[in-house]
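> With the sequences and hints as input, model every part of the structure.
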Amino acid sequence: MTIVRLTPLTFLWFLSLLLLNPSVSGVVHPQLPEKHVALFVFGDSLYDPGNNNYINTTNEYRANFYPYGKTFFRFPTGRFSNGRLIPDFISEYANLPLIPPYLKPGVSNYAYGVNFASGGAGALVESHQGFVVDLHTQLKYFKKVKKRLSQTLGPAKAKKLISAAVYLFSVGVNDYSDRFKADSTVSDDKFNKEYARMVLGNVTQVLQEIYKRGGRKFGFVNAPPLGCLPSLKILKPDNESGCYDEITSLAKIHNALLPKVLKKIQSEHNSFNYTIYDLFTSMSKRIDDPSKYGFKDGSMGCCGSGLYRGVYSCGGMRGEKEFELCDDVGDYFFFDSGHPSEKAYKQLSHMFWSGGPDATWPYNLKQFFGF
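Sequential numbering from 8 applies to the sequence shown in the working numbering.
No wet-lab data here; the hints were simulated from the structure. Virtual Cβ for every residue (Gly too), placed ideally from N, Cα, C.
Simulated crosslink set (EDC-like; lysine to aspartate or glutamate; CA at most 20 Å straight-line):
no.: 1; residue 1: Lys188; residue 2: Glu247
no.: 2; residue 1: Lys267; residue 2: Glu216
no.: 3; residue 1: Lys77; residue 2: Asp334
no.: 4; residue 1: Lys270; residue 2: Glu216
no.: 5; residue 1: Lys353; residue 2: Asp304
no.: 6; residue 1: Lys267; residue 2: Asp365
no.: 7; residue 1: Lys188; residue 2: Glu133
Here are the computed distance ranges between Cβ atoms for each label pair:
no.: 8; residue 1: Thr144; residue 2: Ser278; range: 20 to 30 Å
no.: 9; residue 1: Asp295; residue 2: Gln158; range: 47 to 57 Å
no.: 10; residue 1: Asp245; residue 2: Gln215; range: 43 to 53 Å
no.: 11; residue 1: Gln374; residue 2: Lys328; range: 41 to 51 Å
no.: 12; residue 1: Asp245; residue 2: Asp196; range: 20 to 30 Å
no.: 13; residue 1: Ala263; residue 2: Gly301; range: 28 to 38 Å
What follows is the structure in structure tokens.
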């Protein structure tokens, strides 16, 4: 049996969750603190706390079954891991209650923020269209939330909250992995750059709309080393060992363009502030040298089947009923074939929160939240 030990900070976080989050406890929200900073979350499975539980989709895009959630929550919440994700840790560090999924029935108090992320979503509407909540639809939900905040808090307080809030983004992975799966022979750098510009063009549209409505502080993770994900490594011809460099090259193109895109927006809007966490490097270090970071394995998933446990069969609900589950998920960087373990997410979140300029720049989230 796994015993979860709560640190004092985590205990206070849980207490705040019960006292302040009406979707959990039914308690009426108290007066907001003077220096209150809300958290709004957009993106994909890296951030999804369970929105896909409430849409008409398939188990391919859900994680609301065992063994997901087994380590921390002790039940499947819809998060694509054995426990907490990056936004969960960030909300804890920022002394916020757990940020709920927007689509969860009964969630209507947005004063601490809300999470719109959807597993499988991309910046492009075409990425898993019809099965996920794409980024532009997430933007539509945000507009509804802003209107609701104006109604409940009053226009002046709502404007202040929206302006002080932090907006987290994780997007692009599904756009690039889908493109690669559709044509794994693509190696035209010029075409790939144009594709990345199209992805980031869609992201820019969403950022401009949020900025127009008062958003000022935006946090991004860059694309991970895609070719090192177990689910994509197994696509390598002839089962060759090592990461699939061709698909990782798409992530590198995205990561080279992202800061340029954000700097351009900033040049047009002086009040636009952003930070980028170098997820690519942080993950690569742990995959290449897992023991240095407290892992025994950085190449395969704890849960799945096949080579590297790279077949997306964790839980036996996605066509493949048989799957393997490791004895100690804490030994593994990856929980399933495409998503990190909670232990990995905690390390990554800590770097996003308080990392130096070699990891998170030009600010870190701790500075964004005013700590």
